[in-house]
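Chains as they are written, first to last, in the numbering used here: chain A, 464 to 770; chain B, 753 to 1260.
Keep in mind that a hint or two might mislead.
To be verified - For lysine-lysine, the following DSS-like pairs were computed, each having C-alpha atoms within a straight-line distance of at most 27 Å: (1) A:Lys582 to B:Lys1168; (2) B:Lys1080 to B:Lys904; (3) A:Lys754 to B:Lys901; (4) B:Lys1080 to B:Lys1250; (5) B:Lys908 to B:Lys771; (6) A:Lys582 to A:Lys754.
As the list claims (entries may be wrong) - What follows is a set of in silico ranges between Cβ atoms, one per label pair, in the way DEER data are often shown: (7) B:Ala1085 to A:Glu487: 42 to 50 Å; (8) B:Ala1211 to A:Gln664: 47 to 55 Å; (9) A:Pro567 to B:Leu944: 29 to 37 Å.
Please keep in mind that the hints were generated in silico from the structure rather than gathered at the bench.
In this text, a Cβ means the ideal position worked out from N, Cα and C, and glycines have one as well.
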Amino acid sequence: MADDKRIDQPTGTSFVGHEWDGIEELDTPMPRWWLYTFYACIAFAVVWVILYPAIPTLHGATPGTLGWSSHGQLNTELAAEHDRRAPTVRALAAIPVEQIPANPQLLRAAQEGGRSVFKVYCSQCHGSGAAGAKGYPNLNDDDWLWGGDVATIQQTITHGVRYPGDDKTRMSQMPAFGRDGILKPAEIEDVVSFVRLVSRQEPASASALRGAKTFANNCAVCHGDHATGNRTVGAPNLTDGIWLYGGDRDTITETVTNARYGIMPAWGSRLDPVTIKMLTTYVHGLGGGEKSPSKTAQTRPSTAAAK
Amino acid sequence: MSSPQDLIGEEHFFEARRKVFPKAVNGTYRRLKWAVMAVTLTIYYVTPWLRWNRGPFAPDQAVLVDLAHRRFYMFAIEIWPHEFYYVAGLLIMAGVGLFLVTSAVGRAWCGYACPQTVWTDLFVHVERAIDGDRNAQIRLERAPWGLAKIAKRLTKHSAWLVIGAVTGGAWIFYFADAPTLAQSFARGTAPLVAYATVGILTATTYVFGGLMREQVCIYMCPWPRIQSAMLDEQSLTVTYKTWRGEPRSHGLKRGDAAAANALSADGVVPSLVALANNPALAARIGDCIDCNACVAVCPTGIDIREGPQIGCITCGLCVDACDGIMAKLDRPARLIGYTTDLDMRIATDGGEPRPALARLLRPRTLIYFGIWASIGLAMLFTLGGRTRIDISVLQTRNPQWVRLSDGQIRNGYTIKVRNMEERPRSFDILIDGVPGAVMWSDATDRIHAVKSVRLDVAADQVAQMQIFVAAAGTGAARSDLTFTAHALDSEGGVARDKSFFERPEQQP
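Bound conformation, chain A alone (with noise of 0.2 Å):
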């Protein structure tokens, strides 16, 4: 190039030798503001390799003098966002979970709390919005297999619903009617026109007027003698509109027949009592939330569960 030392006589530049369709490239000199940002940003490049990881190795990178590493990045903003959780994780750990909703501020973190973590351990099983499936509960609506109060939430999230090893979880099993050969075919058809016509679903019939019988001597020690259930057992109420796995024909007959056995998780043993707290509050404020019983209530012994 060197040999090459043209000069573009209108402005009195060397051409760099570079030509592309005629159009040649002028040695223009850079400002010098320009020059010195430029070794500025190499010496700023010299300076983070040394500090930071840079060079890629086949198992990771250079480690950097400063030690730095995403991980403990991560592991730094977690603390901090734990540190910046620890006042209201505190507040709920001291407060009863009946006393909550006095509290807005504990109201909304309890909610907002429940929220994710029920996304995370109970979306699978009972959706995303809480609105349950054939088998699983619906926790938006005001029907309530063992309470629908606080208290009873929480005692169902901690120790579960027939969950083998947690000796405090509700348990409670419905016979197999047919399988087990305790009702002939016949008188199952009947039981179930009763449960048609309790739940309005059916009229009046001589086949529901002879399950009305067979109810009384077979169902109703659990599902109360109006049908309308027995919160100390999980008995479902069978008069009002909502079905835990259907209320047509076909589907109650399958239930009496083979009987059927929920099963759900006790909490206790895998998440701590702030985040069953900020379950409960989530849950019970999904809409069908109970008042809690007053004192005379509460203390109201509990019936052992029918085994």
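Place chain B on chain A using the hints.
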């Protein structure tokens, strides 16, 4: 310009800056620049301290960008984040306004109102007060380092840094209550971001206004590039009237025998009278005496006689300088002046320049003005008609509906009511569209379901509420449901939002 020989044989990695030492000048445009500087700096420094009473629930600062609470106050106007299109509209107006100004009066923004120009001008004057005028500055620059030079340099750079700090200091007052922030800033208890902002703006003001100056305009700023695309033959530019000035009478000095012979008997640079008396001379000599006054005063260090160029910010200081020289020479003013390329050509051919009004009222300026004015009017119109309450309803989508034990269907909604007045207000929320529907909030329960719920919204705030609506279990899968917020105070006012009430598909 370096000669080609300089460039050969030596590698140049950078173009060394040729430092500009603008000479002081006085005249029409200098006075105009003083006035513009006074007005713009006053606006900048005084605005945050103006007060505006908005009642007890809102700040009393006339112009305030309240980032923490996401509000922008400008006198009687308060802008919420959702109304950010007003700010976007202002920015568009500013952009179109620049085009309008450019097509009407050329680069007037660059020459007079641009902060870079105003602050550079300020820095140059401070420099002059300390170092003296152009010649003294050049002498000082070349002088070896000594106590006096060190002292002068220290004084100058300190003064610049003080101006920079005051500039940055004023900026932060637009973002917080000025008197409070000033106190806490002085006590050292202001937020870190305030000190950082002042520090950064001090540095940029000092570097741009003191050290880089014309390089910002020539190398960094995109506007001169846009400008060169926008100029046409009707654009007002600072123009050296070649037809009058050339050929320059440079070198025709007193006592120069050859020149004296060539020009006149007494050997002085010919006056107009002399030229008028000697048509042969007049035909050969232009008005420009090549005194370089126009170059000496130029803040960007260009020679305007080379024609329009990117470095010319059209500040008009060379006009003042040349006018002063022309007056001394008893020749007509405005050898250099604001004119258009078209007028220049007309004048070269000996014609009369067109009237300024004809130049201003051409389609381009009128179209720009039309666009600019319609955006402004549209914004004023919507600003006048905007409501100060608003309701927005978000239907719960997961689940869309919930069957209750008595067979009814419940839908959930999150409603937000916005109160943009600077006083607390109460609202009744009503629903309409689904027969027999009742509502309750998450604060009560279904036993207390009613036809309307009350919501109190604090001054200048948004209140949020969870609403449940229940209706018969049979009916259309999707019905319109309108939520209405009625303001309960004497001023009243209504806001509506449409949503839906959804039920399961009916079994056939």
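Please name the hints from earlier in the document that this structure breaks, with their numbers sorted from lowest to highest. 2, 3, 4
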